[in-house]
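Could you build the full structure based on these sequences and the hints that come with them?
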Amino acid sequence: MAGYIFRRVLQAIPVFFGTTFLIYFMVFAMPGDPIVALFGDKTPNPAVIEQLRQQYHLDQPFIVQYFIYIGGIFRGDFGISFSGEPVTQILARTFPVTIRLAILALLFQSIAGIVVGLYSGLRKGKLFDSSALVVSLILISLPIFVIAYVAQYVFGVQLGLARTTVGSGAPIQDLIMPALVLASVSFAQIVRLTRSSVIETSGLDFVRTAYSKGLSRRRIVPVHILRNSLIPVVTFLATDFGVLLVGATVTEGIFNVPGVGNTLYQAIIRGEGPTVVSFVTVMVLLYLVVNLVVDLLYGLLDPRIRLVK
Amino acid sequence: MIATDASAAPIDGRAVTPLLEIKDLQVGFQTQRGMVTAVDGVNITLMPGQTLAIVGESGSGKSTTAHAIINLLPGSGRITGGEILFEGRNIAALDEKQMEEIRGRKIGFVPQDPMSNLNPVWSVGFQVEEAIRANGIATGKQDVKKRAIQVLTEAGLSDADRRLKQFPHQFSGGMRQRVLIGMGLSSNPKLLIADEPTSALDVTVQRRILDHLEKLTRESGTALVFITHDLGLAAERAEQLVVMYKGKVVESGPSREILQNPMHPYTQRLVAAAPSLASRRIQSASKPLEDLGYEATRVTEGVDLIAAAESRHEAHAATADTTAAIAVKDLTKIYKIRGGKGSASTLKAVDGVSFEIERGTTMALVGESGSGKSTVAKLLLRLEDATSGEIRIDGTDTAPLKGKSLLALRRKMQPVFQDPYGSLDPLRNIGNTISEPLSVFKVGDSTSRRARVNELLDQVALPKSLVTRYPNELSGGQRQRVAIARALALKPEIVVLDEAVSALDVLVQAQILQLLTDLQSELGLTYLFITHDLAVVRVIADNVSVMKSGRIVEAAATDEVFDNPREEYTKELLDAIPGANIPLGI
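Chains as they are written, first to last, in this note's numbering: chain A, 1 to 309; chain B, 1 to 586.
Calculated directly from the structure, the hints in this document are not laboratory data. In this text the structure is predicted, and so the values were computed from the model without any measurement. Treat each hint with caution, since some may be false.
Stated by the list, open to error - Ranges between beta-carbon positions, derived for each pair:
hint: 1; chain 1: A; residue 1: I63; chain 2: B; residue 2: G422; range: 49 to 57 Å
hint: 2; chain 1: B; residue 1: H212; chain 2: A; residue 2: Q11; range: 46 to 54 Å
hint: 3; chain 1: B; residue 1: E390; chain 2: A; residue 2: I63; range: 51 to 59 Å
hint: 4; chain 1: A; residue 1: I140; chain 2: B; residue 2: G75; range: 24 to 32 Å
hint: 5; chain 1: A; residue 1: Q173; chain 2: B; residue 2: T139; range: 43 to 51 Å
hint: 6; chain 1: B; residue 1: E96; chain 2: A; residue 2: N256; range: 20 to 28 Å
hint: 7; chain 1: B; residue 1: F126; chain 2: A; residue 2: V157; range: 29 to 37 Å
hint: 8; chain 1: B; residue 1: E384; chain 2: A; residue 2: A112; range: 44 to 52 Å
hint: 9; chain 1: B; residue 1: Y335; chain 2: A; residue 2: L297; range: 29 to 37 Å
hint: 10; chain 1: A; residue 1: A112; chain 2: B; residue 2: G75; range: 27 to 35 Å
Unchecked claim - Cβ-to-Cβ under 10 Å is the rule here; a few derived chain B residues that face chain A:
hint: 11; residue: R105
hint: 12; residue: I107
hint: 13; residue: G108
hint: 14; residue: V110
hint: 15; residue: P111
Using N, Cα and C, we set each Cβ at its ideal position, and we do this for glycine too.
Okay, here's the thing in structure tokens:
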């Protein structure tokens, strides 16, 4: 087990260098001079520009810039944003907000998605099932910003049930509506996935054998049907974590959440290399950790893929 | 409604009332084209402690009848008429709650496929214990566990105590079937329904498990309904026989009587086609056919396995050509096992195998699963490379062949695999499937290919109209014919038949065996016939090699192996052919 985790961590190393290099290169290749852009319409003093260039190592060749940056990361220095704030501080301020948002969304989509999907699958072809299928199809078809604006207008403006934008410090109660919006598409997909998985499992031989042993339906559904049906759902949740982070950019923009998505978007617009790369790197690392956790979770659900100790 | 509470009434072992009485049972499946009747007016009577076998081919309604008894019909299946009286009570009319009381506790069930009938995510102990707990046989953690160990030990699982914590995938097929039998019997039911309990297992394992099942049910006085497609097996194991065909009971009565004097034409065909019985009869086939005094073969609509075997024998004796089409010498294949350490990490799947097959003859390679017989086929076809040893086809060593010359070898040698459902591409129609090898090797133009496809369909006795149909519209037997036609498309000299008839019903099996025999004499083909079923060997093979753990333990002419088996293992395999000990009035 420990060996397996160690191997997975080793695998993360090339992924880490690959992603950071790629992102750094793309930011570098963006057109326009970020320093000049900072001054807007004003004509800056060439000496000031030169000094800024040196401060941000922009006068060095690309590859040197990259290694200066990577070297800094290993000393815990993620660089400084153009506004003069250390990137580590921005990370510490924004990530907790987005992670809270993502976890809320993940909780909602998995719990509600699995419950609705299970019920749908067990009552295939009934009214509940058909309505669940229609609603999930609508949610999947709509772009997330449409859902966000509609939710904002209906629940925030018309009904006054929630605040339309998230206040400072991002309290949990303000994050609930953005989280629901963020989770909506994945919720619909989990409903469909769980449903088809439950229908498939229900028809398997061992379920009939369980009935033939004299077990009641109330025992068979959670013990023999649900657990087996969850395996593909867990796979989906793992890949979906990345989608949640990406989706957060749009949702955070609309609800004005002071999280990763919002900040990253601003940094990309400004061409702030260190900020963009640092954010993406932390996201990639998070993604790797989540995937590792999910792989370990498989073993709990299915002994056939339990790892050799 | 008769309220007979069986647990309260004193039960006499020799009760006069039947334990199970099925009266005019009708079962239908709801389809888009309306109700389709699967079981049509079935009547079955079973006395306490008796054993009854229901025999029929797939689709005959035998499994549906069994599932109807415990009200576990799949999908849209429903009992549409008739009564199922169990201990005098009509259980077809019970609701789900009342049925739960009957299932497991009064009527045990042993399903067909040991691979798919245990939940892969729960330990074996958990699955046995939940049955015991649900039926109130024992309460309390320790008692339940004790009972679980007891039933598994009784079902013949050694070391049951330790194995409770293991998962189904750590068990072999035979062990899983023992678990399922233990589960079915765990609550001492009055009736046990066994739905083809051993058809997925090797013959020797099958024999041991059935012996054990027979002993258990006899000791506890449990009545047994035994469902099988193998008439020989049914007759050997059951006192009463019910033959089903297209949802109807065509014949029923004492087993021996039916076997020796089948009245209904379908039963007669079944008796004639059952390879287990046919090979038994051929065992004395050195006598001419008339002496056997057996009539049924004449009504088998062109399928006559005994005659086929005889003519093969004569034809073989007549040909003097003795060049070896295939010569294999010291063939060895070693696999690396993942996760193993040191020398334990390799598996010798094939261990120093040597044999020769003469042109135009058939050699059967017989063995149980895991004996390495299919690996030999893969090596022969060069789908995998041997670790050491030599394979010569028509005198050419195949190991160094590459590119064009390897393709030429493939053209000469074609395979037919076991599963007719898995070996045809569902997205290609039959015409395309058969002509694919022709287009791969750029043989002829599209007109001549079409002509060849028609010719091939004719050879395998399929109508030409199938050209535009797709595999899912065909029956298992038809698909296997298509697979054979595809194998023959390039006019190969050698056909490797890897369990080519194992997945088919007996009557279809007989037809395919006949077809293979005819094609061989017509086209002078050389067959390597791989099977776990010795029963069919007698019909098709000239020579037999018996494999065990990667080695050939016995190799001889077919008659010799059947009449004078030298190895203990071969004897065991022969004894395991069901129906071998039944006098057929010969």
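Quick check: does the Cβ-Cβ distance between H212 (chain B) and Q11 (chain A) fall within 46 to 54 Å? 49 Å, holds
Assuming the hint says 51 to 59 Å, is it satisfied by the Cβ distance from E390 (chain B) to I63 (chain A) or not? 57 Å Cβ-Cβ, so the 51 to 59 Å window holds.
Quick check on a hinted range of 44 to 52 Å for E384 (chain B) and A112 (chain A), using CB atoms only. 49 Å, holds
State, for the Cβ atoms of I140 (chain A) and G75 (chain B), whether the hinted interval 24 to 32 Å holds or is violated. 28 Å, holds
Can you verify the interface hint for V110 (chain B): is its Cβ closer than 10 Å to any Cβ in chain A? 9 Å, holds
Let me know if the C-beta of I107 (chain B) comes in closer than 10 Å to any C-beta of chain A, holds or violated. 8 Å, holds
Satisfaction of the hinted span 49 to 57 Å by the C-beta atoms belonging to I63 (chain A) and G422 (chain B): The hint (49 to 57 Å, Cβ to Cβ) holds, given that I63 (chain A) and G422 (chain B) are roughly 53 Å apart.
Against chain A, run the beta carbon of R105 (chain B) and see if the smallest gap drops under 10 Å. 6 Å, holds
Between Q173 (chain A) and T139 (chain B), is the Cβ distance one that fits in 43 to 51 Å? 48 Å, holds
Is it true that the C-beta distance of A112 (chain A) to G75 (chain B) lies inside 27 to 35 Å, as the hint says? Cβ of A112 (chain A) to Cβ of G75 (chain B): about 29 Å, so the range 27 to 35 Å holds.
Taking the Cβ atom of Y335 (chain B) and the Cβ atom of L297 (chain A), is their distance within the range 29 to 37 Å? 31 Å, holds
Go ahead and decide if the range 20 to 28 Å is satisfied by the Cβ distance of E96 (chain B) to N256 (chain A). Cβ of E96 (chain B) to Cβ of N256 (chain A): about 54 Å, so the range 20 to 28 Å is violated.
Violation of the numbered hints given earlier is confined to hints 6 and 7; the remaining hints are satisfied by the structure.
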